[in-house]
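Dock chain B against the given chain A, drawing on the hints supplied.
In order, the protein sequence lines correspond to chains A and B.
Numbering-wise, the numbering used here puts 583 at position 337 of the first sequence, and it's gapless, one number per residue.
Numbering-wise, the numbering used here puts 641 at position 127 of the second sequence, and it's gapless, one number per residue.
Source of the hints: derived by calculation from the structure; they are not laboratory data.
According to the in silico footprint, chain B covers these stretches of chain A (three or more CB under 8 Å from chain B):
#1 317-328
#2 331-342
#3 356-364
#4 412-426
#5 637-649
#6 672-679
These figures come from a predicted structure and were not determined experimentally.
Where a beta carbon is used, it is the ideal one built from N, C-alpha and C, also for glycine.
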Amino acid sequence: MIAAAASPIDLFAARQQMGISLGWHIILACLGVGMPALTLFVEWRGWRTGEPAYQLLARRWAKAMGVLFAVGAVSGTILSFEMGLLWPAMMSRYGQVIGLPFAMEGIAFFIEAIFLGIYLYAWDRLPPRQHLLSGIPIVLAGVASAFFVVTANAWMNQPRGFDLTNGTVTAVDPWAAMFNPATPPQTIHMLLAAFMVSGFVIASVYAVALLRGRRDRYHRLGFLVSFTAAAVITPVQIAVGDYAARFLASYQTTKLAAIEGVYHTGSHIPLTVAGVPIGEQLRYGLEIPNGLSLLVGYSPNTLIIGLDRVPVADRPPVGIVHLSFDVMVGLGFGLLVLGLWLGVSWWRRRELPRSPWFLRTASLSGIAACCALEAGWVTTEVGRQPWIVWGQMRTADAVNPAPGLLTGLVAVLVVYLVMTIGTVYVLRRMARYHQLAAPQEVDAELGGAW
Amino acid sequence: MSLAQWSITVLWIGLTLYVLLAGADFGGGFWDLFAGGTHRGRPQRDLIEHSIGPVWEANHVWLIFVIVLLWTAFPTVFAAVMSTLYIPLTLAALGIIARGAAFAFRKASDQLGQQRLFGAAFALSSVLTPFFLGTVAGGIASGRVPLGLAAGNLLTSWWNPTSVLAGTLAVGAAAYLAATYLCADARREVEHQLAEAFRRRALVTGLVLGAVALGGIAVLHADAPQLFDGLTHRALPLVISSGIAGVASLLLVLRRRYLLVRITAALAVTAVVWGWALAQYPYLLPPPARANITIAAGAANPDVLWATLIALAAGAALLIPSLLWLFMLFQRSQHGVKTP
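Pulled out of the complex, with its shape left as it was, chain A reads as follows (with noise of 0.2 Å):
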């Protein structure tokens, strides 16, 4: 069994694959970084108030944290398998380019696993400040990890720091490469939403329980620190969304038409909110005029490139990106309503709002949160094709040429679908039965490790 070249069948079937495998643990990574944060948060507010509620959240929360940082180490390990398994001739060219980030963040994954094993195993056998302070580390690497990966995304999108010749890379200067141009609007709207799902994803199991009729203090709190963390990062994170757009006009025109289905470039051209792709024109869609010109330049004479300056064979697929993107926005706007909502209820009464309607939409703040988030991510991975590295290898050209990646991708579904019942039914059995432990835990009197 020798191969060829990557079947079409095969691309597509790696590319699935990654998605699913990507997209899977870009959900557990936001979890990673924003729940620490947050827990210690309720950690700090029961040590300093005393109060029973804020213990009692921070323990809960730790719990799961501890489930889903270990599914979540698991599923980020087989990303960098994935990537040499399906994409080995990047890696063969351009590994030790992105190399350096991958390397920092494997530093700063381990400092996350260390501290947070010692923060769940010792919550009793360290005094409660030292204890507190061992958390910290969990949130300064889970931060530092994120930005790491992501410069490395950014790359891709902006590769930088590197001479070719005949197809080889000759000079490397990993530095340049890692903080290329779209690190900085990658990197912040990467953490910022990692921040809103975590706060919403949590919201909105209190927001059950309350809707449930569970109005005690507990819920109560558990509700309102997560929610307002996310909805106080929402509008921050809108406006980086438009500077991380303004960014594509000036460095990615090609992404940013594709996201916004102009084809043809020129001025004044409106923004088109749905619709459909039909020829060369977005279809069916709410034209705002002019819009997209004066979202860019300010000025509705802001020249837009649009679709017409790349060959065909360079546009990436505008329907999917389109769509996503709008989604994405929508979903954004509409959590920012929902805060607001709040916001207004609060300052008026110190009370959530009376409207059921309040807590029947928060419930569901949390998935459209993550939706929001894949949303997103499908924008600025799809957008970027048909390219792997843009501007530099297509992603057909850096597919792994051995055949059987359609079985590959069967298995990974099997596995990530098994997991997924998992990981809900385990943490829902958490949610009502508190003495489960978490996996990091030790439980009774055995203590021993090596």
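Showing chain B alone in chain A's frame:
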């Protein structure tokens, strides 16, 4: 030493730590699998779970470290290994998922049926994963992975006598390390019966492992003459040290010196890992693969190696104290403290 040599040395240290630490965790799963029926095996499974619980994630990170360092410092070699050995590496990856997730789920579930299901998944994948990782090592060491994208045979590159031998040795070494470590853990927890049980297992696996290793000499002689040559010449001191450390471990287990045996058992395994490196030096992908490549030729740009080594050194300054604190906290046996 050149930058490339420094890089492969650091990588090999990471690999050694992965084999020793995560290997023992895999071995824990091995003993979980053979712990017997639900009721009878309960105390053993509890001990294993308690020993692995807080550290396996940290131990597991060494694998990520090895993978990332390989693609950064030796990108073409990484691409060749991953693309040709696509099948066992995918299986190992799936095994890693199944193992980690199932372990977390079992810990967090309280119903017997689920515990059994998750437990079985955890134990089975703990045996299969090191086997597949071992076959990968065997494929590389016997010169079946050429440079290039999926340029080697996709089946025989890992399904061959040397690979099967390496896979078996990997599973055996994991089980052996775990058994010796668990002896000490059981004794610290004043579980003398368990300590005795794992002592018997350590003795049996030690003997079996030694026998497989001795038989393996014949396998390598026939199947991988170049590797055999390296092991019997340049790497001979390490091979002999491994044998001595192995015999010493058996004697120490017999005399119930469980803390010392941790060191000798680890030494025996370490000597094999470094013996392999020395046997195929200076090759990363050794002949008889047609497109073989040396450490110097496969190394990335020196600027990359510099930056990475410095970053890793800085990282180590943060990591080592943290790791020490983790292990110290866990090694302190504390009774009667309950985590609610």
